[in-house]
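Number of protein chains: 2
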Amino acid sequence: MARPEVLEQRLGHRFTNAALLAQALTHRSAGAPDNERLEFLGDGVLGCAVAEELYARFPRLAEGRLTRMRARLVREEALAEIAGHLEMKTFLRVGAKHPITPSVLADALEAVFGAIFLDGGYDAARRAMVRAFGPLLESLDPSDLEKDAKTQLQEIMHARGSKLPEYRVVATHGAPHQRSFEVECLVPDLGLAATGSGSSLQRAEQQAAKGLLGKLTK
Amino acid sequence: MARPEVLEQRLGHRFTNAALLAQALTHRSAGAPDNERLEFLGDGVLGCAVAEELYARFPRLAEGRLTRMRARLVREEALAEIAGHLEMKTFLRVGAKHPITPSVLADALEAVFGAIFLDGGYDAARRAMVRAFGPLLESLDPSDLEKDAKTQLQEIMHARGSKLPEYRVVATHGAPHQRSFEVECLVPDLGLAATGSGSSLQRAEQQAAKGLLGKLTK
Chain A
1 MARPEVLEQR
11 LGHRFTNAAL
21 LAQALTHRSA
31 GAPDNERLEF
41 LGDGVLGCAV
51 AEELYARFPR
61 LAEGRLTRMR
71 ARLVREEALA
81 EIAGHLEMKT
91 FLRVGAKHPI
101 TPSVLADALE
111 AVFGAIFLDG
121 GYDAARRAMV
131 RAFGPLLESL
141 DPSDLEKDAK
151 TQLQEIMHAR
161 GSKLPEYRVV
171 ATHGAPHQRS
181 FEVECLVPDL
191 GLAATGSGSS
201 LQRAEQQAAK
211 GLLGKLTK
Chain B
1 MARPEVLEQR
11 LGHRFTNAAL
21 LAQALTHRSA
31 GAPDNERLEF
41 LGDGVLGCAV
51 AEELYARFPR
61 LAEGRLTRMR
71 ARLVREEALA
81 EIAGHLEMKT
91 FLRVGAKHPI
101 TPSVLADALE
111 AVFGAIFLDG
121 GYDAARRAMV
131 RAFGPLLESL
141 DPSDLEKDAK
151 TQLQEIMHAR
161 GSKLPEYRVV
171 ATHGAPHQRS
181 FEVECLVPDL
191 GLAATGSGSS
201 LQRAEQQAAK
211 GLLGKLTK
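For the record, the sequence lines run as chains A and B.
First residue of the first sequence: 1, per this note's numbering; consecutive thereafter.
First residue of the second sequence: 1, per this note's numbering; consecutive thereafter.
If you're looking for bench data, these hints aren't it; they were derived computationally from the structure.
Please read all numbers here as calculations on a predicted model, not as lab measurements.
Mixed in with the good hints there might be a few duds.
[As the list claims (entries may be wrong)] Listed next, with one range per pair, are the computed distances between beta-carbon atoms:
id, chain 1, residue 1, chain 2, residue 2, range
1, A, Pro-135, B, Asp-141, 43 to 53 Å
2, B, Arg-203, A, Arg-131, 48 to 58 Å
3, B, Arg-203, A, Ala-171, 55 to 65 Å
4, A, His-85, B, Gly-198, 43 to 53 Å
5, B, Gly-198, A, Val-6, 26 to 36 Å
6, B, Gly-121, A, Ala-62, 18 to 28 Å
Glycine included, every Cβ here is placed at the ideal spot set by N, Cα and C.
All chains should be modelled from the sequences, with the hints used to inform the complete structure.
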């Protein structure tokens with residue numbers, strides 16, 4: 001096992017109470033006290049710190065998109081990826097036969113943030129979050145989230161009390177391994193339709209929804 | 001509309017930036033800036049503050065039970081109830097024809113905590129949470145949560161890699177309006193069984209699971 005000081009350096013937090021970090025790095029298969037309660041705490045801390053950061057970074061973004069961004073940042077895959085950058089597995093205490101899965105890594109990362117919170121307070125945890133999540137935060141593209149035209153369209157129809165849009169495949173082209181799809185999006189209540197195409201059904205539907213959104217906002 | 005100072009008093013937080021509170025109390029049906037982004041922020045703030053409080057109050061409680069407690073405290077019904085105690089609806093700005101539903105109240109309460117967080121920082125929001133959630137926090141009974149014997153049993157079986165317990169009704173007694181049930185809980189892998197009874201199927205199953213847990217821990 002690598003020395004915890006190295007992890008402290010990567011996190012940008014020097015623990016006053018080193019036992020907290022040790023506990024955060026102890027999977028229950030390795031004995032007590034384990035990191036499960038700290039994981040519970042860290043989950044809350046991360047949710048708050050990530051919300052604060054997104055709220056400040058994207059002052060024009062609507063609640064729905066902020067919520068989706070946060071979900072992306074705190075889901076297991078993202079946490080396991082960050083745990084990977086920190087090389088968490090070299091610091092982890094896990095029972096001899098227990099596999100170090102993405103879920104074990106993600107939980108330990110949450111526990112580490114719970115430990116920083118107890119050791120240094122909310123602001124210390126937030127600073128460490130911004131440091132660890134930095135690259136992932138930088139990679140967030142709000143326009144990318146805007147691309148979810150189907151969701152937007154559905155929300156608009158729902159708010160108007162109109163029937164939800166319908167999608168239907170108009171044509172498929174090409175051989176199976178390079179198929180492209182043409183999809184029509186219909187909003188019967190408004191008598192509007194738009195078509196879109198793409199290399200997957202999902203992309204073609206998004207394109208069609210985008211086209212329809214364009215007609216709506218005219 | 002009641003004066004916001006009254007709400008500040010109830011919350012135990014005097015805003016430096018009164019516009020934040022006004023925004024938190026503005027439903028989107030009443031115009032912009034509305035409270036939706038603050039609601040996103042407040043959801044994170046509440047999740048963290050409630051986690052911190054439960055972690056400290058129940059030092060022996062396992063992660064699973066803490067998670068269930070938190071879910072109880074921040075679900076819409078609980079938030080709407082607290083909003084009721086604060087008489088939030090008398091402070092709310094809502095469009096003329098828009099109904100003040102439990103969901104509108106719960107969202108506004110979250111937004112208020114987001115506003116306190118921005119105005120006074122995490123600790124101010126935590127203090128206001130403890131004050132507003134006080135009665136609900138006091139009413140939490142960890143032994144009540146312990147009663148969920150079915151969940152406990154299932155978790156134990158799952159951790160052991162054993163087959164999940166089975167439940168079957170052995171007998172029903174009494175007239176329909178005062179029915180009582182007798183249920184058997186079986187763990188085939190361990191050759192264990194226990195029976196329980198109660199005025200609902202759910203209660204009888206819990207009793208049976210409790211009996212089986214007793215046999216397991218002997």
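Here's how the hints hold up against the structure:
| no. | hint | in the structure |
| --- | --- | --- |
| 1 | Pro-135(A) <-> Asp-141(B): 43 to 53 Å | holds (44 Å) |
| 2 | Arg-203(B) <-> Arg-131(A): 48 to 58 Å | holds (50 Å) |
| 3 | Arg-203(B) <-> Ala-171(A): 55 to 65 Å | holds (58 Å) |
| 4 | His-85(A) <-> Gly-198(B): 43 to 53 Å | holds (51 Å) |
| 5 | Gly-198(B) <-> Val-6(A): 26 to 36 Å | violated (55 Å) |
| 6 | Gly-121(B) <-> Ala-62(A): 18 to 28 Å | holds (25 Å) |
Violated hints amount to a single one, hint 5; each of the other numbered hints is respected by the structure.
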